[in-house]
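Novice: The primary structure of each chain is shown beneath.
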Amino acid sequence: MSHTAVPYRPFELSPAELRDAVQRYAYHPIYLDSEEWVNEDNPYRRQLRPQVLKHLDFSRVLPKDEILNYHSLAAQRLLTAIYEADLMFLPRAGLADKWDDFRGFYSPSNRALGERIRPALERHAFGFLDAEVEVSGKWTRNDLVALMSQHQRQDFSEPSKSEIAIVKSADPVRAARMWLVQFAPDFLSEASPMIRNVLGNYGGAQSEWFKIIIDEYGYGVHATKHSRLFEETLRSVGLDTAIHHYWQFYLTSSLMVNNYFHYLGKNHELFFRYLGALYYTETTLVAFCRRAAELLTRVFDGAADVRYFTEHVHIDQHHGRMALEKLILPIIDRYGPVVIPEIVRGFEEFKVIADIADGDFAEQIDWMDSGADYKRLHDPVWAAVEQGRITVPIDHLVEPRGELSNTHCHDGDELCHIVSGTMRFVNGLDAYQILEAGQGTVIRKNRLHGAIIESEECVYQIHSVKDYRQCLS
Amino acid sequence: MLVVSFAARPGKDNCVMVDDLPYVYARTECGEFVLPARCPHRGGPLHLASFEPGRTRLVCPWHERATSVTRLLRAGIPAVRRGDTVTAVLPVADGAPHRLEHRPMSEGLSWEGGSR
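As they're listed, the protein sequences go chains A and B. For the first sequence, the working numbering assigns the number 1 to the initial residue and increments by one for each residue that follows. For the second sequence, the working numbering assigns the number 474 to the initial residue and increments by one for each residue that follows.
Since the hints were derived computationally from the structure, they do not count as laboratory data. Small disclaimer: the values here were computed from a predicted structure and weren't measured. There may be inaccurate statements among the hints.
Straight-line distance between alpha carbons at most 35 Å, and here's what the computed DSBU-like set of lysine-lysine pairs gives [claimed, not checked]:
(1) A:Lys375 - A:Lys266
(2) A:Lys266 - A:Lys161
(3) A:Lys445 - B:Lys485
(4) A:Lys161 - A:Lys445
(5) A:Lys375 - A:Lys466
(6) B:Lys485 - A:Lys168
(7) A:Lys466 - B:Lys485
(8) B:Lys485 - A:Lys98
(9) A:Lys64 - B:Lys485
(10) A:Lys445 - A:Lys375
(11) A:Lys445 - A:Lys138
(12) A:Lys375 - B:Lys485
(13) A:Lys138 - A:Lys351
(14) B:Lys485 - A:Lys326
(15) A:Lys64 - A:Lys445
(16) A:Lys266 - A:Lys98
(17) A:Lys211 - A:Lys225
(18) A:Lys211 - A:Lys351
(19) A:Lys351 - A:Lys266
(20) A:Lys64 - A:Lys98
(21) A:Lys326 - A:Lys138
Example chain A residues on the side facing chain B (calculated, C-beta under 10 Å, incomplete) [as the list claims (entries may be wrong)]:
(22) Glu132
(23) Val135
(24) Gly137
(25) Asn142
(26) Ala146
(27) His151
(28) Asp155
(29) Arg174
(30) Arg298
(31) Ile340
(32) Pro341
(33) Val344
(34) Arg345
(35) Glu349
(36) Asp355
Quick reminder that beta carbons are idealized off the backbone N, C-alpha and C, glycines included.
Please build the complete structure, drawing on both the sequences and the hints.
Specialist: Take a look at the structure:
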């Protein structure tokens, strides 16, 4: 019997279809704007600012120099929500008043709508790595061992930009708390992306990988589960341990770090890339956690519970060795050198992402510390606007008491000018400026911020000045 | 094997010299690769080579000997570029003396992007 073959058509959404599909996903009630800065014990509520998404084009690859723009923050927030529909979260205090949110987050509809847009969002958010990392030449097992050995010999004792920013901050305690918040998406569900790689059946290496996961999960003793240790760290410095309590305070790059591993783990064609990224993290975490434990102990004057970090100083020495000797090399021996370029690529890609995150956080601490400076800068920049020395697009806004502008960032500098009323302008966890009529602030490009109205009504303007320094000359 | 990092863009430190042999990083329309920059014929400067019109072969400026780019891409020095830095695994002993220096690059080997 003959039949006519139907040509295979890969799944793809047109830019218009993608825009509609993103909005359809994000307009679920659990993703709408919040009236509070934090999510109280509700792991399903994630503010995606759906009302803004119609203005965003996710159909193109974001280049590296735009990777901290709002497109990226929006995409990473969406991806976090999509990936985590595979993870099990339950509120601490039960489901009595959250049953609808629970059902909605894990519903077939939410999952299907998320999966429909995930490939395009991943391309949008991580496609820049194609240009950033290039592997060439003919790689052998010995070449890879040489590369990894050289990496292990490096000195990782120098503090990162983030750590320097905390130490030099005007408020190191606030900066360190903001730092810990950035780890929450990863550490509170630690090893969940990795577990995606131990499903299925691929021989002995699978069981070796499982051993690393057993360590991460504390051998089934809940008190030693790594995420549990991190909860103790949060609690010891007065932070809430609920999943995504601080959703609005995650930086773009903090979500990117966590999502990168979900991206590799969810797309099994990137399995070998995950191995390279795993090796990089396991080997660098030893020095990082040693520095972090010392830093937190110093900043919190001994009050911080740093067992999460000291545990990693020990166990990741094993994990680095295990990742190379028990996972990567046996997999190369079994599946051939064809997989090596992908391992190398993952190894280097995660360096790129880690560098972005390090710089992003340090910039945010400077932004939080400089709130009063940017408030003062309002006056000369406003003068340039008022005197007509610059002409820029203006948004006029009128908002009632309690209106919360959920956190976001802009792709260029902006000037916020208060016409009447009072605004609390928030530029990080526990960092804010009170803006009264006639006052305002410069809002720096890519810096996370939000605002809440503290008068019966507030009339204000947002001037898109792009680069505030041009207004000062 | 010697693992060494150097600049992937033309300019300062874009060449590593090992055993008197220069290695540079070539970015071409056909792909990117580490190029041993001495022609095996008479030692001509391959960092100044041009592309043979319509073919994936580099032509040495001294005696016009052709070098296959396809071979350099598939069977060449193992390397990885991250941003503007390339790390190569060179076929010499770990710890072998080496130094970084500058080599000018021909236009065809310092391609700056676009579709390929």
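Novice: Does each hint fit the structure? Answer for all of them.
Specialist: Now for the hints, and whether the structure bears them out:
1. Among the hinted pairs, A:Lys375 with A:Lys266 is inconsistent with the structure: their alpha-carbon atoms are about 44 Å apart, more than 35 Å.
2. With a C-alpha separation of about 30 Å, the suggested pairing of A:Lys266 with A:Lys161 holds against the 35 Å cut-off.
3. Taking the CA atoms of A:Lys445 and B:Lys485, the gap is about 32 Å. The hint holds against a cut of 35 Å.
4. Distance restraint check for A:Lys161 and A:Lys445: the Cα-Cα separation of roughly 19 Å lies within the 35 Å cut-off, and the hinted pair is therefore satisfied.
5. For the hint linking A:Lys375 to A:Lys466, the alpha-carbon distance of about 17 Å falls within 35 Å, and the restraint holds.
6. Between B:Lys485 and A:Lys168 the alpha-carbon distance is near 33 Å, which keeps this suggested pair within the 35 Å criterion.
7. Restraint check for A:Lys466 and B:Lys485: satisfied, since their Cα atoms lie roughly 33 Å apart, inside the 35 Å limit.
8. For the hint pairing B:Lys485 with A:Lys98, the CA-to-CA distance comes to about 60 Å; that exceeds 35 Å, so the pair is violated.
9. Only pairs whose Cα atoms come within 35 Å are accepted, and A:Lys64 paired with B:Lys485 is accepted, the gap being roughly 23 Å.
10. Among the hinted pairs, A:Lys445 with A:Lys375 is consistent with the structure: their alpha-carbon atoms are about 15 Å apart, no more than 35 Å.
11. Note on A:Lys445 and A:Lys138: the hinted pairing is violated, with a Cα-Cα distance of about 42 Å set against a maximum of 35 Å.
12. Distance restraint check for A:Lys375 and B:Lys485: the Cα-Cα separation of roughly 42 Å exceeds the 35 Å cut-off, and the hinted pair is therefore not satisfied.
13. Taking the CA atoms of A:Lys138 and A:Lys351, the gap is about 22 Å. The hint holds against a cut of 35 Å.
14. Only pairs whose Cα atoms come within 35 Å are accepted, and B:Lys485 paired with A:Lys326 is rejected, the gap being roughly 40 Å.
15. Under the criterion of a C-alpha separation no larger than 35 Å, the hint pairing A:Lys64 with A:Lys445 is consistent with the structure, at around 15 Å.
16. Restraint check: the Cα-Cα separation between A:Lys266 and A:Lys98 comes to about 28 Å, which is no more than 35 Å; the hinted pair holds.
17. For the hint linking A:Lys211 to A:Lys225, the alpha-carbon distance of about 14 Å falls within 35 Å, and the restraint holds.
18. Between A:Lys211 and A:Lys351, the direct Cα distance comes to roughly 25 Å. Compliance with the 35 Å bound is thereby established for this hinted pair.
19. With a C-alpha separation of about 20 Å, the suggested pairing of A:Lys351 with A:Lys266 holds against the 35 Å cut-off.
20. In summary, the hint linking A:Lys64 to A:Lys98 is not supported, as the alpha carbons are separated by about 39 Å, beyond the 35 Å threshold.
21. For the given pair, A:Lys326 sits about 23 Å from A:Lys138 by alpha-carbon distance, which is consistent with the 35 Å threshold.
22. A hinted interface residue such as A:Glu132 counts as satisfied when its beta carbon comes closer than 10 Å to some beta carbon of chain B; here the least separation is about 6 Å, so the hint holds.
23. Annotation: A:Val135 was flagged as interfacial toward chain B, and the flag holds, the nearest CB pair being 5 Å apart, inside 10 Å.
24. The interface hint given for A:Gly137 is met, as the beta carbon of that residue sits about 4 Å from the closest beta carbon of chain B, less than 10 Å.
25. This hint holds: A:Asn142 has a C-beta 7 Å from the nearest C-beta of chain B, less than the 10 Å allowed.
26. The beta carbon of A:Ala146 is positioned within 10 Å of a beta carbon in chain B (closest approach about 4 Å), and the interface hint is therefore held.
27. The beta carbon of A:His151 comes within 8 Å of a beta carbon in chain B, closer than 10 Å, and the hint placing it at the interface holds.
28. Interface restraint check for A:Asp155: the shortest CB-CB distance to chain B comes to about 15 Å, outside 10 Å, so the restraint is violated.
29. Below 10 Å, beta-carbon pairs count as interface contacts, and A:Arg174 has none with chain B, the closest being about 32 Å; its hint is therefore violated.
30. Look at A:Arg298: its Cβ only gets to about 32 Å from chain B, farther than 10 Å, so that hint breaks.
31. This hint holds: A:Ile340 has a C-beta 8 Å from the nearest C-beta of chain B, less than the 10 Å allowed.
32. Proximity of A:Pro341 to chain B holds as hinted, the smallest CB-CB distance being about 8 Å (cut-off 10 Å).
33. Nearest Cβ of chain B to the Cβ of A:Val344: about 5 Å, under the 10 Å cut. The hint holds.
34. Look at A:Arg345: its Cβ gets to within about 7 Å of chain B, closer than 10 Å, so that hint holds up.
35. At a threshold of 10 Å, the smallest CB-CB gap from A:Glu349 to chain B is about 8 Å, leaving the interface hint in force.
36. Evaluation of the A:Asp355 hint against chain B yields a held restraint, the C-beta minimum of about 9 Å falling below 10 Å.
Of the numbered hints listed earlier, those contradicted by the structure are 1, 8, 11, 12, 14, 20, 28, 29 and 30.
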